[in-house]
Amino acid sequence: MDLQGRAHKFGDDVNTDYIISGRYKFKTLDMKELARHVMEDLDPDFYSKVNKGDFIVAGRNFGCGSSREQAPLAIINADIGAVIAKSFARIFYRNCINTGLPLIECDTDQIDPGDELKVDLEGGVLYNLSKEIEIPITPLPPVMLKILSDGGLVEHFKKYGGFNFE
Numbered sequence: 009m010d011l012q013g014r015a016h017k018f019g020d021d022v023n024t025d026y027i028i029s030g031r032y033k034f035k036t037l038d039m040k041e042l043a044r045h046v047m048e049d050l051d052p053d054f055y056s057k058v059n060k061g062d063f064i065v066a067g068r069n070f071g072c073g074s075s076r077e078q079a080p081l082a083i084i085n086a087d088i089g090a091v092i093a094k095s096f097a098r099i100f101y102r103n104c105i106n107t108g109l110p111l112i113e114c115d116t117d118q119i120d121p122g123d124e125l126k127v128d129l130e131g132g133v134l135y136n137l138s139k140e141i142e143i144p145i146t147p148l149p150p151v152m153l154k155i156l157s158d159g160g161l162v163e164h165f166k167k168y169g170g171f172n173f174e
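For the sequence shown, our numbering assigns the number 9 to the initial residue and increments by one for each residue that follows.
There could be a bad hint or two in this list.
As the list claims (entries may be wrong) - Label-pair restraints from in silico Cβ distances:
(1) Leu137 / Lys57: 12 to 20 Å
(2) Pro149 / Gly61: 18 to 26 Å
(3) Val133 / Arg31: 25 to 33 Å
(4) Thr146 / Gly19: 33 to 41 Å
(5) Lys166 / Thr36: 20 to 28 Å
(6) Phe165 / Asp117: 24 to 32 Å
(7) Asn23 / Val162: 20 to 28 Å
(8) Gly169 / Gly122: 37 to 45 Å
(9) Lys166 / Lys126: 23 to 31 Å
(10) Lys166 / Ile141: 35 to 43 Å
(11) Ser75 / Asp20: 39 to 47 Å
(12) Lys35 / Leu137: 17 to 25 Å
Claimed, not checked - Okay, derived cross-link-like pairs now, BS3-like style, lysine-lysine, Cα gap no bigger than 27 Å in a straight line:
(13) Lys57 / Lys17
(14) Lys154 / Lys167
(15) Lys139 / Lys17
(16) Lys94 / Lys60
The set of hints was computed from the structure by calculation and includes no laboratory data. What you are looking at is a predicted structure, and each value in this text was computed from that prediction instead of being measured. Quick reminder that beta carbons are idealized off the backbone N, C-alpha and C, glycines included.
Hey, can you work out the whole structure from these sequences and the hints?
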């Protein structure tokens with residue numbers, strides 16, 4: 009699974025309320041509407057700057073806070089290709105895999121806003137095309153790659169009638 013897009017960079021401890029503010033997630037279940045407000049409290053123009061496949065890039069502990077699935081679903085519906093961070097909050101990580109949002113764990117210090125990136129999930133490498141460098145990524149287990157390639161856990165179950173990791 010190869011992904012390509014531009015970097016939109018944030019810092020450490022981006023919590024789920026920064027990803028999608030409670031003032032929106034408690035008003036609607038319409039994910040397209042929520043997507044319009046992704047990262048709004050950190051960058052009010054974020055949604056208008058994103059192109060399909062772009063990446064959210066961050067530091068440590070991305071996705072801390074509540075365990076609601078609205079955060080990864082809103083990111084998916086904003087057409088973000090993946091989230092790249094040094095580390096992720098555990099529940100957020102699980103919610104992302106289950107909803108089909110790829111997460112890439114790596115050192116993000118050599119990624120700047122606007123850098124063009126390409127990620128080879130199976131190969132375990134992120135290419136910063138703007139700087140012509142390779143950054144190793146923490147490889148995802150085959151089971152997680154399978155779930156992501158199927159579009160998330162629900163889609164995986166629909167496809168196979170249960171778990172199938174062959």
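Here's how the hints hold up against the structure:
At about 19 Å, the CB distance of Leu137 to Lys57 agrees with the hint of 12 to 20 Å. Between Pro149 and Gly61 the Cβ separation comes to about 24 Å, which falls inside the hinted range of 18 to 26 Å. Range check, Val133 to Arg31: Cβ separation about 39 Å, and the 25 to 33 Å hint is violated. Taking 33 to 41 Å as the suggested C-beta distance range, the pair Thr146 and Gly19 does not conform, at roughly 20 Å.
For the pair Lys166 and Thr36, the beta carbons lie near 25 Å from each other, so the given range of 20 to 28 Å is met. At about 38 Å, the CB distance of Phe165 to Asp117 disagrees with the hint of 24 to 32 Å. Restraint check, Asn23 to Val162: a C-beta distance of roughly 25 Å satisfies the suggested window 20 to 28 Å. Taken as a hint, the range 37 to 45 Å holds for the pair Gly169 and Gly122, whose Cβ atoms sit roughly 44 Å apart.
At about 30 Å, the CB distance of Lys166 to Lys126 agrees with the hint of 23 to 31 Å. A beta carbon spacing of about 39 Å between Lys166 and Ile141 agrees with the range 35 to 43 Å that was offered as a hint. Separated by about 20 Å at the C-beta atoms, Ser75 and Asp20 break the suggested range of 39 to 47 Å. Separation of Lys35 from Leu137 is about 39 Å and departs from the stated range, judged on CB atoms against 17 to 25 Å.
Only pairs whose Cα atoms come within 27 Å are accepted, and Lys57 paired with Lys17 is accepted, the gap being roughly 12 Å. Between Lys154 and Lys167 the CA atoms are separated by roughly 12 Å; this keeps the pair inside 27 Å, and the hint holds. Proximity of Lys139 to Lys17 is assessed by CA-CA distance (about 16 Å); at most 27 Å being required, the pair is judged to hold. For the hint linking Lys94 to Lys60, the alpha-carbon distance of about 23 Å falls within 27 Å, and the restraint holds.
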